[in-house]
Structure formats: structure tokens, C-alpha cells
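Student: Going line by line, the protein sequences match chains A and B.
Per the numbering used here, the first sequence runs over residues 7 to 110.
Per the numbering used here, the second sequence runs over residues 81 to 319.
Any given hint might turn out to be false.
As the list claims (entries may be wrong) - A few chain A residues facing chain B, derived, Cβ under 10 Å:
{"id": "1", "residue": "Q49"}
{"id": "2", "residue": "A99"}
{"id": "3", "residue": "G109"}
Said to hold, decoys possible - Partial list, derived from the structure: chain A residues whose beta carbon lies under 8 Å from chain B:
{"id": "4", "residue": "A22"}
{"id": "5", "residue": "A57"}
{"id": "6", "residue": "F110"}
Hints are computed from structural coordinates only; laboratory data are not their basis.
By construction, the Cβ of each residue, glycine as well, lies at the ideal position given by its N, Cα and C atoms.
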Amino acid sequence: MTDLISVDMALLILAAAAATFLTRIGGYVLITRMKTIPPRMEQALNAVPAAVLTTLVAPAFFNGGWDVKIAMLAALVVGVRYPGLLLLGAGWAAAMICRHLLGF
Amino acid sequence: MNRSEFKQGLKGGLIIALSAAPFAMLFGAVASDNGLSVMEAGLMSATVYAGASQLVGIELFGHQVAPWLIVLSVFAVNFRHILYSAALTRYITHFTPIQKFFTFFVLTDPQFAEAVKRGESGRGVSFPWYIGFGAAIYFPWLFFSVLGAFFGRMMGDPRALAIDVLLPVYFLGLVIGFRSKPGFYPVVVASALGSVLGYHFVGSPWHVSIGAAVGVVVAAFLPLSTESVPADAATEMES
Chain A
7 MTDLISVDMA LLILAAAAAT FLTRIGGYVL ITRMKTIPPR MEQALNAVPA
57 AVLTTLVAPA FFNGGWDVKI AMLAALVVGV RYPGLLLLGA GWAAAMICRH
107 LLGF
Chain B
81 MNRSEFKQGL KGGLIIALSA APFAMLFGAV ASDNGLSVME AGLMSATVYA
131 GASQLVGIEL FGHQVAPWLI VLSVFAVNFR HILYSAALTR YITHFTPIQK
181 FFTFFVLTDP QFAEAVKRGE SGRGVSFPWY IGFGAAIYFP WLFFSVLGAF
231 FGRMMGDPRA LAIDVLLPVY FLGLVIGFRS KPGFYPVVVA SALGSVLGYH
281 FVGSPWHVSI GAAVGVVVAA FLPLSTESVP ADAATEMES
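Here chain A stands alone, though its shape is the one from the complex (with noise of 0.2 Å):
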């Protein structure tokens, strides 16, 4: 049975949901000290997210093949229109048409 716990794989989840707790807390402890924010480094902090998951996206679509290509952009097509799940959807099938019908 592996349906358990590993002792490292709780240690490395309870850390960060230690991480993310902090995240969550940390607006709230800097606002009461601070008051504000300097507008430069909110600008910053702003741009942290698409920043760190931009770095997901392009290297798996630079090093993907031909089907992991076709399906983001498939994807990207779709999503500037349409709701997350469509998008989520049209990459799917067209990794699928890719793999089982064109043998990609």
C-alpha cells in the first residue's frame, strides 16, 4: 500500500502550507506596521504571480513536441474568449487528436 504518509512528504506539504499561511497573514501584520505600501514595490509584488507561472508555460511549450505545442495553442485560441474549463478542455483534445488520430 503507498495510500500513506511519508514522513519527508508531510514535512515538505506542512511547509508550505506554512509558506502560503505566511503569505496569507503577511498583508495584514505589514499594513498594521507600515500603513502603505511604497507604489514601486506594489507594482513589484503585483507582477509576482503571472511572473513565476510564465516560467511554467514557456519552457514546457519551447520543449514540448508538436502535441504539447498544437494543445497550447489550442488552448490560448480558446482562452482569450472563454472560461478557464473551455480552455482547459480544448488543450485536452487537442493533445488527444494529436496522439490518436494524427500520431504525434
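Got chain A sorted already, so can you dock chain B onto it with the hints?
Tutor: Here is chain B on its own, set in the frame of chain A:
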């Protein structure tokens, strides 16, 4: 405890929970695919409780990345919560310390967006409403993650079912969700270039930190935008 406030919160949260359910299932399935047990996937949903960062953690775990770097990446993806809790503070000053603990523990994108909307409308943010809203998202998120992990166990070859493309496509969707924010295009182009070059010249997993750092530095040097409300930064895909 004001019961009608609590019920109102529950009702609002359930709508969010339903739209987040497929992503909880996705998390569970991908977690299984990357070697997590059902209980580990459940533990992660129960304690981290932040969709995108959970998937980032799983993705890096699958690539055998050093543990501290996984934690750092989870922290980086969740960084926006610092802005949320800063903006939320003015509406919850009347909460007790224990109430504040739970308030911040369940602070997600939709939770923040709805609480601020309520606060701005003048109705006030009560603890029963807030925790009702949070509980209605938290427990389904946990339930569907575990369910997804069970299904992930039973699935065969993830490549034949195209499970492996779901993660980059999901992250792509999150990035697209930010496109109306000021400075979006320069930041994304900078991070994309930084991560791709970092991948080739330095190697994985450093491309994540390098690309993110390049994007954030570019953002800091862009002309200051007049819009400073982070409330709409919430993406619809994330819980």
C-alpha cells in the same frame, strides 16, 4: 452567531466550490500521477488550500527539485495573498484574534474578491458570513481533491489520456487571466525569455527563479500605473 449571515455565506461559497471542483479533481489526479498518495494529496489540499500553488508544488515534485525550492516556488505563487490580506484588514478589525486566524487561513482569490465587494458595498463583513463562505469552498475542495487522487490511481497511461498536457495548459490559463493587469505583456515576455534562456544555459529548476526574477525586476522599472487596486487580480480559474 448570526444564522442568516452564515447561510448567505454558505450559499455564495457553494457556487464557487462547484466551479472549483474540476480543478480540485485535476489536482488530485495530477498529484497521483506525480507519485503522491491519496492521503498526501488530501493533506496538501487541507493545509495549503491554494489551487495554483498546489499544482506548482506537484509539478516541481515530479521533476525531483530540491524541497526548499519547491517551498519557495509555492511561496512565490501565493505572494499575491500579501496584497489581499493588506486590503482586507480594514474590513475585519472587529474580529477576535482567533477569528482572524481562520479568516487568513481560508483567504483565497474568490474569498478576497467577495469579502471586499461586501465591505465596499457598506453591508459590512461579518465573521459568520465570511466563515460560511470559506467553509463552503474549503470542504468541497478537500473532498474533490481526494476523489481526483482516487481516480488518478485507477487511470492507466497518463500520456495516452493526455493528462500530462493539462498542467501546462492550466498554468497558461492562469497567465491569460492576468492579461488585463497593467504591465502584463512586458512582464510575461521578460519571464518567458528569462525562463527559456535559464533552462538552456543554467538548467532546471533554476529557470523558474531566474524567469520570475527577470519579470519582477521589469515590473518594478515600468512606469507607475494609476490603477492600484489589486482586487481584480483574482483569476476565475483558481480557488
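Student: Compare the structure with each hint and give your call.
Tutor: Here is what the structure says about each hint:
no.: 1; hint: Q49; result: holds, 6 Å
no.: 2; hint: A99; result: holds, 8 Å
no.: 3; hint: G109; result: violated, 13 Å
no.: 4; hint: A22; result: holds, 4 Å
no.: 5; hint: A57; result: holds, 3 Å
no.: 6; hint: F110; result: violated, 11 Å
The earlier numbered hints that this structure contradicts are 3 and 6.
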